[in-house]
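Each chain, written out:
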Amino acid sequence: MTGLALALHGVTVRVGSFALEDVSFELPTGYVLGLVGPNGAGKTTAIRTLLGMLRPESGRVEVLGRTLPAPDDLRQEIGVVLDRPSLVEDWRLDDVERALRPFYRRWDADRYADLLAGFGLDRRAKVKALSRGMAMKLQIAVALSHDARLLLLDEPTSGLDPVARDELVGILGDYLVDEGRSVLFSTHITSDLERIADHLTLLRAGRVVRTGTRDDLLTAYRLVRGSAEELPEAGLVPLLGARRTPVGVEALVAADDVPLLGPDVLVERPTLDQVVVHLGAPATARTAVVA
Amino acid sequence: MTGLVAAVRFDVLTVRPYAKQMLLMVAGVGWISVISTPPSAVVAAGSVFAALVAAYPFAIGDKNDLGTLQSVLPVARATFVRARYLAVVGLCAASLAVCTVLALVASAARDVPVAAGELGTVAAVGYALYAVLVGLQLPVYYALGYPRGRLVAYLPLVGVSAAVAGSTALLGDRAPDLDAWLAARPGALAPALVVGATVVLAGSCAVARRLDARRARRAG
Chain Z
1 MTGLALALHG VTVRVGSFAL EDVSFELPTG YVLGLVGPNG AGKTTAIRTL LGMLRPESGR
61 VEVLGRTLPA PDDLRQEIGV VLDRPSLVED WRLDDVERAL RPFYRRWDAD RYADLLAGFG
121 LDRRAKVKAL SRGMAMKLQI AVALSHDARL LLLDEPTSGL DPVARDELVG ILGDYLVDEG
181 RSVLFSTHIT SDLERIADHL TLLRAGRVVR TGTRDDLLTA YRLVRGSAEE LPEAGLVPLL
241 GARRTPVGVE ALVAADDVPL LGPDVLVERP TLDQVVVHLG APATARTAVV A
Chain A
1 MTGLVAAVRF DVLTVRPYAK QMLLMVAGVG WISVISTPPS AVVAAGSVFA ALVAAYPFAI
61 GDKNDLGTLQ SVLPVARATF VRARYLAVVG LCAASLAVCT VLALVASAAR DVPVAAGELG
121 TVAAVGYALY AVLVGLQLPV YYALGYPRGR LVAYLPLVGV SAAVAGSTAL LGDRAPDLDA
181 WLAARPGALA PALVVGATVV LAGSCAVARR LDARRARRAG
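Going line by line, the protein sequences match chains Z and A. Under the working numbering, the first sequence has 213 at position 213, and the numbering climbs by one with no breaks. Under the working numbering, the second sequence has 59 at position 59, and the numbering climbs by one with no breaks.
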């Protein structure tokens, strides 16, 4: 599969006092991009920009081969799950379908029914009676029912129990069987991404810290542990997200810098969670540790 | 189904769960039909009640963040604005229909005959009244959003009323004599009201689309 499902090129967007600054990342068609970062990193702002809800001050946004702003009909091809549902709280789940189905040319009523049943959602239930996790499942059911080529999921596993999260990962796997489909999945639960994301973009304070394939991200860094004396002085080897632990200091270093470390330093391959924790740490914690 | 029809349907479904609350309005109109003289007056009164209900979709939309949902649906914002106006015209038509039936029932029960022409004229007056109330109210919601807009939604109406009263007072005898104009054209009132009201709503819709687009640009 060739082409890009979406791309941001040097995008700057301001929302109140927050700004995404010079953000660039892309998602090749047919893959899953995990957008990770701590709360307030700009994940939701990036997704809202991709949806055309926010207009960049500068840069270029492309979605499914179209540069934004694009015709509204492009949203036929996009399934969306936002961090909180925007539905009339007194609608029953049947009403949700009645209200949304006419907007989509390829709405699949059977698929919607199957997804509701699979998620254990009662069609007669009202939206306001759903728990946060159930409401998220409802949004996912809607997003998957109109044969979208691109899913934009903003924290879809937030509020879901582990079983439901596992179900969602399975559903996304089924969705991706068709090679023309792509998913952008923002989350701070990195275990979900370990299983499904092919590409990762790490955001921190409105900027891209790192973007690329998951394997590149995981092989680009090493987790190092040692006493403050064993680790190199400030400036020699950047210690990313250095933090004190009961037995010394733990930090991330670039894999290329590992030969510069002393022999007593413990070096490990990091998990995705460790990469996110250390790279997502505030900038003040990204320099060398003072002994 | 076109985007416009889908958007009108979306608006209707938005308020449908709250239909029971509107029964209170229907009860109020029913009560007016019992006491009003002539019975046909209820048709115009119903339009005032309907104008109050026209704000419901804004209130529900604000409470449930439907603006966000609408911005991810594959339809332009302007289409949702046009759909809202079509829905409120439908609401007026429904109100006029219900009130006409109430007027006929009251007329029969009280043995006060109502001429078809009288009903038609009152319905046109009701539509015109509704168009002015709604046409001045809705753009305020699009400009300011419902929470802030509801506080000042009737200011344009107050302003227009004050302007009419002020200009009438200023012009004195030079003010156009509407009574004489209508007396000379007995069949012109209802059509003139319908056309005028439709023009008011169309103009209001055009203004609302611009205000909504401006608000969206500021938010984005």
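To be clear, the hints were calculated from the coordinates, so they are not data collected in a lab. Here the structure is a predicted model, which means the values were calculated and not measured. Just to be clear, a hint being listed does not mean it is correct.
[As the list claims (entries may be wrong)] Keeping only pairs whose Cα atoms sit at most 30 Å apart, straight-line, the calculated DSS-like set for lysine-lysine is:
1. A:Lys63 to Z:Lys126
2. A:Lys20 to A:Lys63
3. A:Lys20 to Z:Lys126
4. A:Lys63 to Z:Lys128
5. Z:Lys128 to A:Lys20
Taking the hints in turn, this is what the structure says about them:
Annotation: proposed proximity of Lys63 of chain A to Lys126 of chain Z holds, straight-line Cα distance about 16 Å (limit 30 Å). With a CA separation close to 18 Å, the supplied pair Lys20 of chain A and Lys63 of chain A stays within the 30 Å bound. Proposed proximity of Lys20 of chain A and Lys126 of chain Z is supported: the alpha carbons are some 16 Å apart, at most 30 Å. Under the criterion of a C-alpha separation no larger than 30 Å, the hint pairing Lys63 of chain A with Lys128 of chain Z is consistent with the structure, at around 12 Å.
Between Lys128 of chain Z and Lys20 of chain A the alpha-carbon distance is near 18 Å, which keeps this suggested pair within the 30 Å criterion.
Taken one by one, the earlier hints all hold for this structure without exception.
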